[in-house]
Amino acid sequence: MFRDITIGQYYPTNSIIHRLDPRVKFLGMLAFVVSIFVVSNYGYIVCAAWLFTIIALTRIPLNIMFKGLKMILFILVITVVLNLFMTDGTIIWQWKVFKITREGLTMAFLMAMRLIMLVLGISQMSLTTTPNQLTAAMESLFKPLSRLHVPVHSIAMMMSIALRFIPILSEETEKIRKAQMARGADFEGKGIMNRIRAMIPLLVPLFITAFRRATDLAMAMEARCYHGGEGRTQMKPLKYVNRDYIALALLVLYLAVIILLKVLLHW
Amino acid sequence: MSITLENVGFVYGAGSVYEKTALKDVNLTIEDGEFVGIIGHTGSGKSTLIQLFNALMQPTTGKVYYQGKDIWGPGYNRRELRFHVGLVFQYPEHQLFETDVMSDVCFGPKNQGLSKEECEHQASLALSAVGIGEDYYKKSPFELSGGEKRRVCIAGVLAMNPDVLIMDEPTAGLDPAGRDEILDLISRMHKNRGITVVLVSHSMEDVARYVERLIVMNDGEKAYDGTPREVFRNYEELEKIGLSAPQVTYLMHDLKAKGFDVDEDASTVEEAKTSILKVFGMTDSSGES
Ligand SMILES: Nc1ncnc2c1ncn2[C@@H]1O[C@H](COP(=O)(O)OP(=O)(O)OP(=O)(O)O)[C@@H](O)[C@H]1O
Ligand SMILES: [Mg+2]
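The listed protein sequences correspond, in order, to chains R and H.
Reading the first sequence from the start, the letters are residues 1 to 267 in my numbering.
Reading the second sequence from the start, the letters are residues 1 to 289 in my numbering.
Calculated from the structure, these hints are not laboratory results.
Fair warning: there could be bad hints in the mix.
Stated by the list, open to error - Derived DSS-like pairs (lysine-lysine); straight-line CA-CA distance at most 27 Å:
hint, chain 1, residue 1, chain 2, residue 2
1, R, Lys178, H, Lys258
2, H, Lys139, R, Lys175
3, R, Lys67, H, Lys20
4, H, Lys191, H, Lys273
5, R, Lys178, H, Lys24
6, H, Lys63, R, Lys175
7, H, Lys20, R, Lys175
8, R, Lys190, H, Lys116
9, H, Lys63, R, Lys178
Construct all of the structure, not just a fragment, from the sequences and the given hints.
Here you go:
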């Protein structure tokens, strides 16, 4: 069942970042995302330095780390082009209606940096944290909300079950796809209608499997007396250790630097 | 010359951290008309191996030939190949999707491009071969029992009239009666239609009783390849790789060790019976073949 955790793109290297408490990583990710929206110009150097230090510490190959960028390539290009040509200001290049301004250039660059760092900041966390650790972290962090009758435990449980089911269902899909291909199903047919019709032999068994699995799981949980979050303990309770306190201290320092630079120097 | 594998290796998730070598340098040929069994403990690569036979997966290294042609060569029609090399997966009942049994069995022939009448003709032949009567044709496949579902799925592949029939543990989860029915059916298809059969199984008794040739997989490699008698002669080595010989083989070896002059390679109950009776100077009188 090892291949299951590939979903959520976890990449094990057992680096110091991997071993950090998931709550620290989750907070770190949030803080970083906020910081890249706080800074406006030179501040990005600080953000980039922070990000790349973390990336280096994860010991994850760069091609894997940068894979997430491929998904946003389209958005990235659109953003850059729009900012480049649509910003008014000092014109430095012009051809018919197309013009590039100094402000546009800066804007395009900054927006691109923001997007890239946003994606890297999130991938950095999801590559070093298993989905289950992540839900545990969120459950623990949002626990105070249960005072306000937010069903924190139920939401966390639903999330972890959903995450658990993604690899199972994708494996199941693959199996059914192969079984139908063995009977000559053609999933690469021409025309949109043919494609949709070709999906029926795949989707019907998949839904049936999903419902069967869900019922089985519900029964298994009930058989083991699951009754919600009240008084429930964890097998691996999250506990902060020294390295987590150090990491949190560094995180606070980082935020302080970003805010100070913003306030004092308008970076 | 039917199916040939040449130095075939297969790796799941190549290049990722979850890389898993499932097959290593496998060479084998399955001739037309053979009845081949494949055994091996869990995770030894049996299911991976048979999915290479009909091009559902591409080998990482090495070549697969069907009737002498490289099935991953340029321009090879792999969809067509799958009509000739039919594969029934482990727990095939998860592939049922149509509203009634007849339409589900017609799925394969329809994909072959046959007319509606031809499809239904093929389907009813296949369904009667697996012992599903006409009163079932309009039933929903989801209302059937486990064993009936299994038979409908096998019919779904048989209806394409394949030249080679590959089955991945067709008897898993069936009761003894259901198991015998399926195995007898397969063996009948082999005898009457002369189709090549490849049977993946966990049961030594089953393979000893039905197959003519036995391939033993161990950790992604082909460990033994021969008649069941030849293979089970290595019962001590088989145990080392987590398998065993049929129980009668042990009995016969024990008898031999006790000084009885029996055929120690007997691997089916029938063979053992004949051999033991001979030692006591009697002949088989029950009339069984
Ligand atoms: N989709 C997959 N992704 C990654 N690894 C896989 C996948 N399918 C199988 N494997 C691995 O490949 C190896 C061989 O698997 P395979 O399914 O061929 O075994 P098997 O002999 O059919 O076992 P069983 O008797 O349990 O059906 C196993 O170690 C398994 O973990
Ligand atoms: Mg298998």
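| field | Hint check, failures only | value | 1
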